[in-house]
Structure formats: C-alpha cells, structure tokens
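Engineer: Here is how the chains run, residue by residue.
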Amino acid sequence: MSSVEPARAGVIHDLGYQRYTGPRLGRRYATLSLYTHSLRTAFGLGRSGKAKVFPWLVVGLVFAVAIVAVVVRSQTNVVFISYLQYPDTVGVPVLLFLAVVAPELVCRDLRAHVLPLYFSRPIARPDYALAKLVAMVSAVWLLLAGPQLLILLGGIFAQTGGWRGGWHEFTDFLGGVAYSGITAVVYASVAVLVASLASRRALAAAAIVGTFLVTAPVVGVLSIVGGSLRELAPVLNPVTLVGGVKRYLFHTKVGLDLGIYGPMYVAVALALVIVCTTLLLARYRKAGA
Amino acid sequence: MNLTIAWITARALLGRKRVLLLLPFPVLVVGLTLIAHALRPDAADQWGPVIVDGLGLGVLLPVTALIVGTAVLGAEIEDGTILHILAKPLPRREIVLAKLVVSAGIIGTVAAVPMFVAGTVAQSARFGLALAVACFVAALAYAALFLALSLLTRRPVLIGLAYVLLWEGLLGNLLASTRELSIHQYAVTLASRIAQTQLLHNHVGLPVAIVMSAVFLVGGTVLAVNRLSSFAVTGETS
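So the sequence lines, in the order shown, correspond to chains A and B. Quick note on this note's numbering: the first sequence kicks off at 1 and runs consecutively. Quick note on this note's numbering: the second sequence kicks off at 290 and runs consecutively.
To be clear, the hints were calculated from the coordinates, so they are not data collected in a lab. Warning: the hint list may mix true and false statements.
What the simulated footprint calls covered on chain B by chain A, stretch by stretch (three residues with Cβ under 8 Å from a Cβ of chain A suffice, anywhere in the stretch; the number is not a length) [said to hold, decoys possible]:
(1) 339 to 346
(2) 355 to 368
(3) 442 to 449
(4) 454 to 465
(5) 505 to 517
To list a few chain B residues with every Cβ distance to chain A over 10 Å, as calculated [unchecked claim]:
(6) 314
(7) 377
(8) 497
No residue lacks a Cβ here, since even glycine has one placed at the ideal position from N, Cα and C.
Generate coordinates for the entire structure from the input sequences, incorporating the hints supplied.
Structural biologist: Here it is as structure tokens:
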C-alpha cells in the first residue's frame, strides 16, 4: 500500500486482542473429529433432510431384509438367511450405499478446493485420507452388522435350545460380524479410492458402481472358458473375492469352488486393501495443493 | 434441434481426454469376447449370455447411459453454466432436443459397436446387428429418462443408479412383473426378436417393448421440455 501517504497513516490502537494460550488439542483430536464428522456425514446426520434420503433408504432396505429373515425363521423354524449369508444377500443395497456415501465423503472437499483449509490445521495429509477411509469402513460395517444384531435377537428368542442354543447363536453372529468387517474393509477401500480419483460426485458414483458391476461378468466368462481359471477368476471381482475369503476362513459349505487356491484369496484381498490404501495416500499427497 | 448446442454438448462430453473415460467398458466387452472365443469357441452358448446380457445390455448400456445421459444437462446445471444457454433466445425444446440427440447418439455408439462385435463373434452378424439396433433404441429411452431426471432432481445419478440397480437389477429378478417397466428388458426383447437366438431370453412381449420404449422417449422428452421451460436456478443446498 505505497499509495497511502505517511502523514495520513493512522495509529493502530491496542484493542486488547489476546492470543489463545489455553491447551491445544492437537493432531489426534483433529483426526478423530474428522472421523466422527465423516461417519455422521455418511448417514446424513447433522445435515439437511435431502442428504438423509439415500443413506436411510439403504438402511431401510437392509433392515427390511433382516426383518424378513427373522419372520421367516420364527414361522417356519428354518434358518432363512444365516449370518454369513447376510452380507452377500444385501449386496445390491450395499453397492448403492457405497455409490452414495464414498463420493459424499471425499468428492465435496476436492471439488470445493477446501483441502488447504484442512491442512492448515495440525492434521496431516495421510491423516485426512485415513480418517475418510476408516469412516467409510465403519459406515459399511455398521450397515452390515446392525441388521445382524436384529437377526441375532430374533434368532435367540426363536431357537428352542435354551441357553446353550442361545450361545451357539451368538458365536454364529460373531462370525457374521467378522465377515462383515472383512467385506467392509475391501469394499470401502475400493470405493474411496475410485471416488477420490473422480472429483465430480456424479461421475464418482457411476464409476464405483461400474467397477463392481463390470468385473462380475468378467468373472463369469473367465470361469466358463477355462480349467483352473474357474477357481482363479473370482479374485477379479470384490464381491466374489470376499466370497472366496469367507469360503476359506469360515469353511462354509456352499458358494465358490476354490480348489487349492483358498489362501490365495486371503492374500489377494489383503493385497487389494494395501494397494488401494497406498494409492489413496499417494492421491492425497498432492491433491488440492 | 440446434447444431451449436449439440456441438457444445458433444465437445463437453468428448473433448480432450474425457472421451477416454468412455473407452474402458467397450474395450472390455470386445476383449473379453475375443478371449472367450479364442479359448472356447464351442461354448458360445455358455459365455454368450454372460457377455451379451450380463455385461453388455445389463452393465455397459445402463452405466454408459447413466454417465452420459445425466452429464449432458446435469453437469451444466451443477456448474451453473446452464445460465449461458438459457439466456439465449432459443426455444427450450430446441435445447432439450439437441441434448437428447447428442446423448442418445453417444450412448448408442459406445454400446452398439462393442455389442455388434460381441454378437457377431458369439453367433452371427445378424445377431450383432440386432444387438446394435436394440442398443440404439434403448439408448434413446435411457437418454430421455436420465435427461428428465437431471431436471427433476439435484441428484440424478443416484436416482438413476437406484433405478438401474434396484429396479432393473434386484426387483427384476425377484418380482417378475417389474420387468414390464425395465428398459433393459425392452432391449433384450428387441434383440431376440430381430435375430433368432438361444443367448437371450425375453420376458416381455415385442409390442410392449416397442410401445414402452416410445413412451419412455416421448414422456421423458416432454417432461424435460416442460421442466426446462420453467427452470429455476438455485444454489447447492445440502
């Protein structure tokens, strides 16, 4: 401001402004805040009604499936959907959830160019990416495990084996919850990575669904064409990949035929999660700078 | 139909590197068909339905339609650049028609070319042509539907995804009669009626498929023109 003449320059009065000298909550607190905020965003909590429509539509759908499972079991005494089957049964609503929530979590910040505002705080770039990823994993896990709790309550009171039967039911439930966790980690890491690469929310949603849908027929075709490809091809699709992990880890009788490749499914799932997370961190090393 | 609007829209969708976004799906369909044909030419009746129906008509067509169909108008609404077009002394129906033609043309081309290859390799050139025709008809219906959606709501892609995933995908398998309102099934019927085939199983009648495709096209277009005529510009709220 060289145009201001020295004679006219005013005096800066001391208005008594003070620096903040209290405790600063630091990086961990900031990351945790970002995580809880993102988890609430996933379900539209603390946001307008419009933002709640899609997440809660999906929540309604998955709980509807759980209620059907409980009712059928109580009426016929046959286990209609087991805990381990449940995450696969609601695959389509979960895919819709991924397409709704993952872009919501990462694309808005990228699109609005607000990342520098985050990084001017104690939070570091990897913290941001991991907080978003973990929030997404938690949201998907809650979506899968919540209805299983309902099935558990229905199952405990519908079964006739007394306390022993109830305990058996509970251990089955723990298996289902663990499998939901595996599913959530694999799905969420793929979805968040894809969403972070497309800055437009609409495009990100379509791209996530595209990745999941397009690989399914690929698995189908490769399974048909050749010998050991039948047991190898399912690793290409996230849905059949976690299905194979389930088959190997929980020794389920139905589903994919893995042959001798069971351990490979676990290894590929682990590698997929590690690669997706690494790429996500790499994406945020420069994003918004 | 206004050529300038059509040109701008086509350039916005295909310009620079954006055309590369549309390439992976067709390349995958063609590549997978060729691999399957090279390894097991005798088992075309097994992998044929998976590629033609499961991948092509079931995923490639609707997902491309979703990306392109909502972007022709939705992207401009989101960015606010729609104002520049609305401020021109043009009848709104010309804008909608130009967008619709470009959108359907791109969807149709992106879907029909790989499907023609897949159909020809899996069965015959006649079947390939039938699939291409079905793709173009379905592209018109999808384009009109998603164009109308992008004017009716602020989140057209999510509603479109819900339609494709839940209605055509999930409910189409569970509740048989929902197929009567599914563009995917119209395409299947058209293709299987034009060329006799074992690879597709149609669930709706040919008259239903033709009439309902036309209803989707005309209804969507009229609705879109109607909504654009009284379009209110609002900021992002949620």
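Engineer: Hint by hint, note whether the structure agrees.
Structural biologist: Consistency of the hints with the structure:
Look at the segment 339 to 346 of chain B against chain A: 4 of its residues bring a Cβ nearer than 8 Å to a Cβ of that chain, three or more, so the hint holds. Coverage of the segment 355 to 368 of chain B by chain A holds. Counting CB-CB distances below 8 Å, 7 residues qualify, and the rule asks for three or more. Check result for the segment 442 to 449 of chain B against chain A: holds, 5 residues qualifying (beta carbon to beta carbon below 8 Å, three or more required). Under a criterion of three residues with beta carbons nearer than 8 Å to beta carbons of chain A, the stated coverage of the segment 454 to 465 of chain B is upheld, 4 such residues being counted.
Counting residues of the segment 505 to 517 of chain B whose beta carbon lies closer than 8 Å to any beta carbon of chain A gives 0, which falls short of the minimum of three for the stated coverage. At the 10 Å boundary, the C-beta of residue 314 of chain B falls inside the reach of chain A, the nearest C-beta of that chain being 7 Å off. The claim that residue 377 of chain B is not at the interface with chain A holds, since no C-beta of that chain comes within 10 Å of its own (minimum 25 Å). Residue placement check: residue 497 of chain B keeps its beta carbon more than 10 Å from all beta carbons of chain A (closest about 25 Å).
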